[in-house]
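Note that the protein sequences, when read in sequence, are chains A and B.
One gets our numbering by counting positions in the first sequence from 1 and adding 373 to each.
One gets our numbering by counting positions in the second sequence from 1 and adding 65 to each.
Rather than coming from a laboratory, the hints here were simulated on the basis of the structure.
Errors might be hidden in some of the hints.
To be verified - The calculated lysine to aspartate or glutamate pairs, modelled on EDC-like cross-linking and capped at a C-alpha distance of 20 Å, are:
#: 1; chain 1: B; residue 1: Lys-441; chain 2: A; residue 2: Asp-593
#: 2; chain 1: B; residue 1: Lys-209; chain 2: B; residue 2: Asp-245
#: 3; chain 1: B; residue 1: Lys-171; chain 2: B; residue 2: Asp-274
#: 4; chain 1: B; residue 1: Lys-115; chain 2: B; residue 2: Asp-200
#: 5; chain 1: B; residue 1: Lys-441; chain 2: A; residue 2: Glu-599
The structure displayed is predicted, hence computed values, not measured ones.
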Amino acid sequence: MTTTTADELLVDTARKVFIETCTFEVVEAAERDGWAAGVWEAVAGVGLPWVGVPEAVGGVGGTLADALAVLRLAGQHSAPIPLAETGLLAGWLLASAGLPVGQGPATVVPGSARDSLSLGGGRLTGTAFGVPWASAVERIVLLVEDGGRWKVGSIAAVDAEVERSLNLAGEPRDTITLDGVPVELAPTDVDAAAFERRGALTRVVLMAGALDAMSRLTLDYTAGREQFGRPVARFQLVQEHLVHCAQDAALVGIAADAASRAAVLGDASFEIAAAKALASRAATTATRAAHQAHGAMGMTREYALHHLSRRLWAWRSEFGDEHRWNNEVGTAAIAAGADELYPLVANGSDRRTRT
Amino acid sequence: MPLGFELVELTADERALQQEVREFLARELPRGSFEPGLGMDNPSDRGFSKRLAQRGWVGMAIPKRYGGHERGAVYRFIVVEELLRWGAPIHHHWTADRQSAQVILKFGTEEQKQRFIPAICAGELGFSIGLSEPDAGSDLAAIKTRAVKVDGGWQVNGTKVWTTGAHETDWFIMLCRTSDAEDRHDGLSQLLVDLHSPGVQINAIPFLDGGHHFNEVVLTDVFVPDDLLVGEEGRGWLQTGSELSFERGGPDRLLSPWLLVEEFLREHEGTPLGERATATLGWAVARFWGIRQLSIAVNRMIDQGRAPAAESALVKDMATRFEQDVIEAVRQLVEVSPSLESGSLFERLLARSVLAGPSYTIRGGTTEVLVGVVSKGLR
Ligand SMILES: Cc1cc2nc3c(=O)[nH]c(=O)nc-3n(C[C@H](O)[C@H](O)[C@H](O)COP(=O)(O)OP(=O)(O)OC[C@H]3O[C@@H](n4cnc5c(N)ncnc54)[C@H](O)[C@@H]3O)c2cc1C
Numbered sequence: 374m375t376t377t378t379a380d381e382l383l384v385d386t387a388r389k390v391f392i393e394t395c396t397f398e399v400v401e402a403a404e405r406d407g408w409a410a411g412v413w414e415a416v417a418g419v420g421l422p423w424v425g426v427p428e429a430v431g432g433v434g435g436t437l438a439d440a441l442a443v444l445r446l447a448g449q450h451s452a453p454i455p456l457a458e459t460g461l462l463a464g465w466l467l468a469s470a471g472l473p474v475g476q477g478p479a480t481v482v483p484g485s486a487r488d489s490l491s492l493g494g495g496r497l498t499g500t501a502f503g504v505p506w507a508s509a510v511e512r513i514v515l516l517v518e519d520g521g522r523w524k525v526g527s528i529a530a531v532d533a534e535v536e537r538s539l540n541l542a543g544e545p546r547d548t549i550t551l552d553g554v555p556v557e558l559a560p561t562d563v564d565a566a567a568f569e570r571r572g573a574l575t576r577v578v579l580m581a582g583a584l585d586a587m588s589r590l591t592l593d594y595t596a597g598r599e600q601f602g603r604p605v606a607r608f609q610l611v612q613e614h615l616v617h618c619a620q621d622a623a624l625v626g627i628a629a630d631a632a633s634r635a636a637v638l639g640d641a642s643f644e645i646a647a648a649k650a651l652a653s654r655a656a657t658t659a660t661r662a663a664h665q666a667h668g669a670m671g672m673t674r675e676y677a678l679h680h681l682s683r684r685l686w687a688w689r690s691e692f693g694d695e696h697r698w699n700n701e702v703g704t705a706a707i708a709a710g711a712d713e714l715y716p717l718v719a720n721g722s723d724r725r726t727r728t
Numbered sequence: 066m067p068l069g070f071e072l073v074e075l076t077a078d079e080r081a082l083q084q085e086v087r088e089f090l091a092r093e094l095p096r097g098s099f100e101p102g103l104g105m106d107n108p109s110d111r112g113f114s115k116r117l118a119q120r121g122w123v124g125m126a127i128p129k130r131y132g133g134h135e136r137g138a139v140y141r142f143i144v145v146e147e148l149l150r151w152g153a154p155i156h157h158h159w160t161a162d163r164q165s166a167q168v169i170l171k172f173g174t175e176e177q178k179q180r181f182i183p184a185i186c187a188g189e190l191g192f193s194i195g196l197s198e199p200d201a202g203s204d205l206a207a208i209k210t211r212a213v214k215v216d217g218g219w220q221v222n223g224t225k226v227w228t229t230g231a232h233e234t235d236w237f238i239m240l241c242r243t244s245d246a247e248d249r250h251d252g253l254s255q256l257l258v259d260l261h262s263p264g265v266q267i268n269a270i271p272f273l274d275g276g277h278h279f280n281e282v283v284l285t286d287v288f289v290p291d292d293l294l295v296g297e298e299g300r301g302w303l304q305t306g307s308e309l310s311f312e313r314g315g316p317d318r319l320l321s322p323w324l325l326v327e328e329f330l331r332e333h334e335g336t337p338l339g340e341r342a343t344a345t346l347g348w349a350v351a352r353f354w355g356i357r358q359l360s361i362a363v364n365r366m367i368d369q370g371r372a373p374a375a376e377s378a379l380v381k382d383m384a385t386r387f388e389q390d391v392i393e394a395v396r397q398l399v400e401v402s403p404s405l406e407s408g409s410l411f412e413r414l415l416a417r418s419v420l421a422g423p424s425y426t427i428r429g430g431t432t433e434v435l436v437g438v439v440s441k442g443l444r
């Protein structure tokens, strides 16, 4: 039987680790230093990066549902580590090809239109952009087409020339240049579309966590901040911001749940597309509401709102923005046709197989 | 505290039910054989309500001993979402099934339950809602309709307004003042009023599209027997509050413009839509999908015995604002001036939804009032 719910003990452990390690100061320092060794060691110490990766290839086992639940907490706490990349993306690709995951943090090449990587004689040459934490990881994993079929490639990060670059949240999104770097290659049944969807799923889940935290933070702040002799949360127009933020958090939260569940069960193409479209849009509207309700306090580096809002602004564009995924959902809707449109909304990807 | 919405997974039985409703509609009410409406604004058809009742699709969240089916709110959700999105004529039993039967079940006497609920579950009795008055809209506690104690019952005088469907239904549950109290939320009571009673005058209030949907209900010395007081005298305010979670969190607050989207697609089947229309369609479908999950989660809370007042207000507000956005987004995809007389169903639906759209964020509690309700729950 497929487990669609996460292991509670594991989720509790993860929550404790994130609460203890991802303090405001630590998240700030990670941005300054490019790496959060303390967070990584604590998280890796209990095996969290490799949850959901089969033991056979060097993971710690557990389910996809477990891994996504842990990732949601990482999003809630702005955990400044390549958690999505190490297990859910790199670990997943490697496992799909039967390659070992190895030790230490890993990342993936997300793939952009500007990339120019080419494969020849078992070696990779060219440049790839926006590679998360390339400067800090031990292994870089990518999906390549080779002789008309998809393969997973794995290279040692030390072999890459890394030029540091940051996303809006100050998370490393580096440029890597490879000059005939030896690559371990093995065939996979993952294709580019499945990989992009998997990436989008990780961003949906991270954003669900961040939106939930942002909604709570904004409620707390406005309940404590007094102007005109009362908490600003008493003003109707401020309440509207609070409600809009909570609505976005609830909507993306349940969309992330539905997409995660569909991914655990199999085909989640519709759910992930819809969830990423909603999450990327909510990132815009919820951050606007949260910032407005905070006044100037939200604009300082010294207060935690920006840890969440800047991440949301970065993640909404990663692995496809709302326009890209709206188009995907629209294409699915047109393919379904008028008669099957409501069944698509009510039953999602599996409307044919499980009704 | 942000509110907790839990994803509802449909069971195999619930999926089978969904299929059954779809097949029933395709067979009994084929497309093209009727003029479909916009969600809960669909026409009233006593015969159709009875046929649904015979299938067990009215009173689904009502105990068997009162003629219901004890299937709960999620089960009801699954059936009614199909009816709404099909544009089926469900108006006759809609309010009775959604909330009036629930109020009687929760607060009514045994005799009232026996008298009204089985008839509602049979699709026979239709109800309206008697809350708003000329001087009491959002501020419901300002109502002036008064019931004075007389021998064997109450004598009622006052005026209700915006009463949807009162010209077609049979009864309404009416909020009125039964005593004066220091706190104006006290001293209010709910009475069951037969809309055919002597002294009840129903005057149409024309809707802006020229149609007849809502009414003014003038009550002049209307006699309501003692046994038609619902619940406790003076507790009407609290009872009404509980009624509103049934009224607010359902799929009827999301699906009003559904057919507009579906018909847009149907009328363009076979023609390439282009990127803007594809993205707009995708935006709408993604949001229907997401908000639907929240709405079904609210109904699960009701099944768990909770009264999700804040959650249902949160969903109602988001869903109805989205409904309005959908209408505007679809309107901009086509180069037509919508007309109620158009030969195209899509264009008729567009015309109707443009005209009715503003009411979505007013009826059942305005956006502004809902923000207050949600905020209380978020504290
Ligand atoms: C199509 C339709 C069907 C209806 N059917 C029924 C029915 O069957 N039975 C029934 O009883 N009623 C019905 N109503 C009435 C509905 O419940 C009321 O319209 C609603 O409660 C708002 O009251 P109002 O229209 O008097 O607006 P008002 O209360 O006068 O509000 C006017 C504006 O002021 C705002 N406002 C009011 N108070 C506040 C506040 N405290 N803070 C901020 N803003 C505020 C409102 O949000 C609104 O924007 C129906 C309404 C419509 C449109």
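Cross-check of the supplied hints:
Annotation: proposed proximity of B:Lys-441 to A:Asp-593 holds, straight-line Cα distance about 14 Å (limit 20 Å). The suggested pairing of B:Lys-209 with B:Asp-245 holds, with an alpha-carbon distance near 11 Å, which does not exceed 20 Å. With a C-alpha separation of about 37 Å, the suggested pairing of B:Lys-171 with B:Asp-274 is violated against the 20 Å cut-off. Distance check on the hinted pair: B:Lys-115 and B:Asp-200 sit about 37 Å apart at the alpha-carbon level, beyond 20 Å; violated.
With a C-alpha separation of about 18 Å, the suggested pair B:Lys-441 and A:Glu-599 falls inside the 20 Å cut-off, and the hint holds.
In this structure, the hints that do not hold are numbers 3 and 4, in rising order.
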